[in-house]
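**Q** Given chain A, put chain B in place with the hints provided.
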Amino acid sequence: MSQLTYGNINDKVVNSLDPPGRSWMISMAVFLLALGMGVFALVIQVRHGLEWSGVNHPIAWGVYITNFVFWIEIGHGGTLVSAVLFLARARFRNSICRASEAMTVFAVMTAGLFPLIHLGRTWLFYWLIPYPNQREMWVNFKSPLLWDVFAVGTYLSVSMVFFVLGLLPDLASVGDESKGLKRFFYRIAAVRFRGTNHQWLHYVRGYLLFAAVAAALIFSVASIVSWDFAVSSLPGWHTTIFGPYFLAGAIFSGCAMLLAIVIPMRRVFPGFEELIKVEDLEGVAKMLIFTSLIVTYVYAIEFFMAYYSGAQFERAIYWFRAFGEIKQSFWLVVVCNAIVPIALWFKKVRRNIPALFIISLVILVGMWLERFVIVVSSTAHGFDPFAWASYHFEWAEIWITIGSFGWFFMWIFIMVKIVPFIAASEMKERLMPPFRKRK
Amino acid sequence: MSKKDFSGAWATFEYLDDMCAAIGELKGEGFHQLTTHAPCPRHEIDHALGNPQSRVPFATLAGGLLGFGVAVLIITKMALDWVLPVSGKAILSIPNMFLVAFVFAILIAVYFTIGAMFLMILRDTRRHPVPCSRRYRDYNRFMRDRFGIVVPCENNELEKVENILKKHQAEEVNLES
Numbered sequence: 000m001s002q003l004t005y006g007n008i009n010d011k012v013v014n015s016l017d018p019p020g021r022s023w024m025i026s027m028a029v030f031l032l033a034l035g036m037g038v039f040a041l042v043i044q045v046r047h048g049l050e051w052s053g054v055n056h057p058i059a060w061g062v063y064i065t066n067f068v069f070w071i072e073i074g075h076g077g078t079l080v081s082a083v084l085f086l087a088r089a090r091f092r093n094s095i096c097r098a099s100e101a102m103t104v105f106a107v108m109t110a111g112l113f114p115l116i117h118l119g120r121t122w123l124f125y126w127l128i129p130y131p132n133q134r135e136m137w138v139n140f141k142s143p144l145l146w147d148v149f150a151v152g153t154y155l156s157v158s159m160v161f162f163v164l165g166l167l168p169d170l171a172s173v174g175d176e177s178k179g180l181k182r183f184f185y186r187i188a189a190v191r192f193r194g195t196n197h198q199w200l201h202y203v204r205g206y207l208l209f210a211a212v213a214a215a216l217i218f219s220v221a222s223i224v225s226w227d228f229a230v231s232s233l234p235g236w237h238t239t240i241f242g243p244y245f246l247a248g249a250i251f252s253g254c255a256m257l258l259a260i261v262i263p264m265r266r267v268f269p270g271f272e273e274l275i276k277v278e279d280l281e282g283v284a285k286m287l288i289f290t291s292l293i294v295t296y297v298y299a300i301e302f303f304m305a306y307y308s309g310a311q312f313e314r315a316i317y318w319f320r321a322f323g324e325i326k327q328s329f330w331l332v333v334v335c336n337a338i339v340p341i342a343l344w345f346k347k348v349r350r351n352i353p354a355l356f357i358i359s360l361v362i363l364v365g366m367w368l369e370r371f372v373i374v375v376s377s378t379a380h381g382f383d384p385f386a387w388a389s390y391h392f393e394w395a396e397i398w399i400t401i402g403s404f405g406w407f408f409m410w411i412f413i414m415v416k417i418v419p420f421i422a423a424s425e426m427k428e429r430l431m432p433p434f435r436k437r438k
Numbered sequence: 000m001s002k003k004d005f006s007g008a009w010a011t012f013e014y015l016d017d018m019c020a021a022i023g024e025l026k027g028e029g030f031h032q033l034t035t036h037a038p039c040p041r042h043e044i045d046h047a048l049g050n051p052q053s054r055v056p057f058a059t060l061a062g063g064l065l066g067f068g069v070a071v072l073i074i075t076k077m078a079l080d081w082v083l084p085v086s087g088k089a090i091l092s093i094p095n096m097f098l099v100a101f102v103f104a105i106l107i108a109v110y111f112t113i114g115a116m117f118l119m120i121l122r123d124t125r126r127h128p129v130p131c132s133r134r135y136r137d138y139n140r141f142m143r144d145r146f147g148i149v150v151p152c153e154n155n156e157l158e159k160v161e162n163i164l165k166k167h168q169a170e171e172v173n174l175e176s
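Heads up: the sequence lines are chains A and B, in that order. Each residue of the first sequence is one higher than the one before, starting from 0 at the first, in numbering that gives the first Met the number 0. Each residue of the second sequence is one higher than the one before, starting from 0 at the first, in numbering that gives the first Met the number 0.
Be careful, since some hints might not be right.
Derived BS3-like pairs (lysine-lysine); straight-line CA-CA distance at most 25 Å [said to hold, decoys possible]:
| id | chain 1 | residue 1 | chain 2 | residue 2 |
| --- | --- | --- | --- | --- |
| 1 | A | K141 | B | K88 |
| 2 | A | K436 | B | K76 |
| 3 | B | K166 | A | K436 |
| 4 | A | K346 | A | K285 |
| 5 | A | K178 | A | K276 |
| 6 | A | K436 | B | K165 |
| 7 | B | K165 | B | K26 |
| 8 | A | K141 | B | K76 |
No wet-lab data here; the hints were simulated from the structure. Keep in mind that this is a model prediction, so the values were computed, not measured.
Just chain A, with the same shape it has in the complex (with noise of 0.2 Å):
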């Protein structure tokens, strides 16, 4: 890094966030139109009902909730970058910290929509909230629906917060580098940060206790949505694994968004090179490594427990996972998720930018697989041969999940022309201070 400096630092952060080219225009006309398919679909769902998607008597849950854990996972990779790493000090994390956390913000507003779009009757989504009505009647806090509603609210409140917390050192230099009104602008949204021995000194220390609690609470938040399943009865979901599988999922599936996102913005934006190091990302690449091993082992360990506890539900549903009806979908799971990242363990396979951005797109269609097979397979197949189903997909849940990652991108897209993109201060950190007496 022995060119970079402070001041080259700021120029090249706050260039990206010039006027968008045609690129960026192209790019949000596709993704526009992607979450207007997905709007028009769920319109002409909410006027039909839930029979415009695949979900029927008895796979009551399928593409909607197969998304909402997809994209929640997503968020907590995002979370697990900027807030556990932040903890343990990697410095392989500074330059992408903004994206992870921007990533984080964008993947549980994503996450949140689809529990409501499940509802069928999403007008009336306020009846899980516990507020005081005229029959006193209250939510009911067993249920799993309920503790996603306070997890996923906390969550999206507390990324939030964590995201424009990290954003106003960062405001407060672009205000600097501006005129006119945008300078008025990015100086108040900084709220006067002038980086002040007194602001920095609350602002770290800020900082540190919300990557703490923030920490926490991927693990509470992944541990409730994996209870979503596991606290039911039905074979293949009601396991004491799903905690740490689903933990390990989300971080796989975030750290491959992550890579997915930073490496066309790495190359399209002039100077993100010099600050975005390929060591960087080789530094999420072993991330990738680890968390694909620890989702082989669950993959393998879920197959031995059905077998060693002898209980024949748990051993056909196993069964049909991996030769029945969707055998396609999990053998592709098994590909992407455990036979793929091996690639990873060659250093010039985690340095070749391309094989990378390759790997991790793969990597996201395992992910999503992997949770359509767990969604569904177990209700498909459940205690009864009689009340056996398969699942169909409908055009409309194919158009509202395609409108979901138009939705994610919109708003990546916007984020990368309105703040920057890369934390300049913590950039600035990761660098040797500029001293007169070299030490």
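**A** Frame of chain A, contents of chain B only:
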């Protein structure tokens, strides 16, 4: 001393060690109400200022305890007010209560932390006056690549402060009286 009648000096530095040395000498001469500027947090500055401690963690703890307590009360009240018997399960379930209370504790702790941070920054900023001149307000390199010190002092001490700052290679020294 109100902000409007600020009297003192402020200087900018290119090098961190110069500024830390200036802080050391200014403190030695009895100037303790210093405000420093830096583009990013540096421990060297904290050491030079005497390692001040933030009390924000107390607010976080208070928020966490309050959030946990409030959640327990809300859940207990609701469970007993609208009884939902589900087979043989407890009407008031402790494990379920813990889940929501833990999350709620974190939520309130976060808001207490952010509130305490801003209040403490505001308090410290009020206690340590800074110039209100246009030149100081419009100086735009503190968040970029320059370090700075603001030294409030009486008019008769200005020369002494200026000399200390210049001695430590201050890039520019501005006197305000």
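**Q** Does each hint fit the structure? Answer for all of them.
**A** Here is how each hint holds up against the structure:
no., hint, result
1, A:K141 <-> B:K88, "holds, 10 Å"
2, A:K436 <-> B:K76, "violated, 65 Å"
3, B:K166 <-> A:K436, "holds, 15 Å"
4, A:K346 <-> A:K285, "holds, 10 Å"
5, A:K178 <-> A:K276, "violated, 31 Å"
6, A:K436 <-> B:K165, "holds, 17 Å"
7, B:K165 <-> B:K26, "holds, 16 Å"
8, A:K141 <-> B:K76, "holds, 14 Å"
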